[in-house]
Amino acid sequence: MTFTWFHRLGSPPYVYGLAQRLAPWCAGSALLLLLAGLWGGLVLAPPDYQQGDGFRIIYVHAPSAWLSLMVYTTMALAAAVGLIWRIKVAHAAAAACAPIGASFTAAALVTGALWGRPMWGTYWQWDPRLTSELILFFLYLGYMGLRASIEDTQRADRASAVLAVVGVVNVPVIHYSVTWWNSLHQAPSVMRLAKPTMATSMLVPLLIMLLAFTLFFVAMLLVRLQAEILRRERASTWIREALKR
Amino acid sequence: MSTPAISDLSPPLLAPGTTRARSTAAAWLALRRDLKLAFRKPAQLVQPLAFFALVTLIFPLAISPELSQLRQVAPGALWAGALLASLLALEFLFRDDAQDGTLEQYVLSGQSLTALIFAKTCAHWLLTGVPLALVTPAAALALGATLDSVPGVLAAVVLGTVTLSLLGAIGAALTLNLKRSSALLSLLTLPLALPVLIFGARAVQQAIAGGSYLAPLEFLAALAVLSVTLAPLAAAAAVRISLE
Amino acid sequence: MPTTQLEVENLHLWRAERHVLRAVSFRLAAGQCLKVTGVNGAGKTTLLRAVAGLAYAEEGTVRWCGQDVRRDLRTFHAAMIYLGHEPALKADLTARENLRYWIGTRNRFAESELDAALARTGANSIADRPVRTLSAGQRRRAALAGVILSGAPLWLLDEPATNLDTAGQALVGSLIAEHVGRGGLVMAVVHHELPGLVTATQLELAA
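Residue numbers (my numbering), protein chains in the order written: chain H, 1 to 245; chain E, 1 to 244; chain C, 1 to 207.
Calculated from the structure, these hints are not laboratory results. Any given hint might turn out to be false.
[Unchecked claim] For each label pair, taking beta carbons as the anchor points, the in silico distance ranges come out as:
| # | chain 1 | residue 1 | chain 2 | residue 2 | range |
| --- | --- | --- | --- | --- | --- |
| 1 | E | A53 | H | D53 | 50 to 58 angstroms |
| 2 | E | T229 | H | S183 | 43 to 51 angstroms |
| 3 | C | D128 | E | L45 | 52 to 60 angstroms |
| 4 | E | V130 | H | S183 | 27 to 35 angstroms |
| 5 | H | V110 | E | L45 | 40 to 48 angstroms |
| 6 | H | L44 | E | E66 | 52 to 60 angstroms |
| 7 | E | A53 | C | H19 | 36 to 44 angstroms |
| 8 | C | A136 | H | L141 | 23 to 31 angstroms |
| 9 | E | A53 | H | A227 | 45 to 53 angstroms |
| 10 | H | V110 | E | A221 | 32 to 40 angstroms |
| 11 | E | L126 | C | T3 | 42 to 50 angstroms |
Don't be surprised by glycine CBs; every beta carbon is placed ideally from N, CA and C.
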């Protein structure tokens, strides 16, 4: 049973069809949750007693930051599966992940900087989380750069997979060393982003936004995966039949 | 297809009288070979050191000749120089061996490729990391550090370059057969090397300030142990893929 | 007990869109030589690299002594020696030093065996000169000495007679014949007929 399931996930036509069927559902529910979350976050939640309305950027910033890490982990996982079992679809999924993850990282950096303006009075502060996020962005750039510079698709897949696995081992090391570094240099007056408690009316929209962003990522991944499979399998006959349908 | 004329019953692995070398012996041989080759071409060894000296020269010229001011930026200057110099040296790690087919023969040697790649990386560290570590205290003194700081600076750079060489081996193996790979190599290696920079700079800072540099040094040692265990595996896998 | 033989079954390999190897199958037993021929771009070198495990074939199996080589590549690699287009020799080392390191990572040998191998290929007079100063043919002779020294039963040779004069080509032919006569296996990509190599089976790859 489990074997046939595993085997099917390795077959491009099956995955292509599955992605085609699932993508609209993911996109639709992501949109609904996004609207609900935004309404909850921007309208229903009360302004923060310290930051006023400025805090509302958290509803974009926190999910983006969360997704930036989750996408990297997903990418490394897919890459490892592709590397170990030589499953081409897994490599295609890893390839599809990278630009999405890089975009979420960029979004987290930009919203972090915008949030920093009212909070710190400056757009950039060497805050440990923003710094880690910036390093993560470079990890994504390296991954995409390596992939782009190897012409042969299979070799690009396997080489970038090694890089993704090495990267995912290093992400916690980088994160903790950056946190350690920051704890040494931080001036005590700087206000921290972390807040110990959050009112329920603020927290619920955040959780909804988190779920919405995750579903949005899955929808994007499924669409990009279809494109990636189309590009890779352009020579095979099942593609022509699938496109006729 | 014709049938075999001779078909012996027990398949010989090797011709009679031949014994396979052990992987450790093979790795030791690979290490000695790289050292010998390097000493026949000493110019390649001097280049990264000269580069490092130049980078540290930039700081007094760009900031100020005041030693008290230079002492402040010395940790950053030394580590930026060390990081860039070891990055520069990485290009020599696999390039020649990939071009002349030696790496291919390593893959086909019947020995553990991980052990052979580790041996090559060790040789690279001995040839670039250790000389760099020996030069760094002198550069630190030139940037206003006192003699008391020498042990700390030396230990930090010795430990840090172990990790830099091993991480760099992965990057160098991944970019083996690519044209114009040096920018990409930096892009792949530098983000991974940042923890070394953080702990290394802290250790040097403490050493210069006369404080205790044990904690960052322990972190550097932990990073070195982690990369000794894991990086050769990744580098060997990368070499295999790049030669495919 | 399985016999010493190399079985290649239904090998397929794609390079991007190009189907380079299409269902290549052959069997090579102890005491046999296989000549791989074909026009440029037919995939001769690719086949050799795929058999050696340097290139990955998407479909098909390579079996050594009845065992799929992918299960234990190191054992297979210990039993074979591969000589590519360019001999893997370092320009800065002498031919002797080169062999000491190259073959030394594979198996142990005595200095006298090294001398004998160099003498057999006519490379003993140039053995102590840096490879940089050697001609392409002399390098080839030094590399062939390494092949002998390795003691591997299976030789995979990619155009072993390149850059060699008539005497050198005859040498390659007789080396192969000798190895095959001892019960060795040879798979060689060849362009020209090698003198003294009449018993070989031929595998012609279509473009």
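TODO: Could you check the structure against the hints above and give me the numbers of any it violates, in ascending order?
DONE: Hints 2, 3, 7 and 8 contradicted; others consistent.
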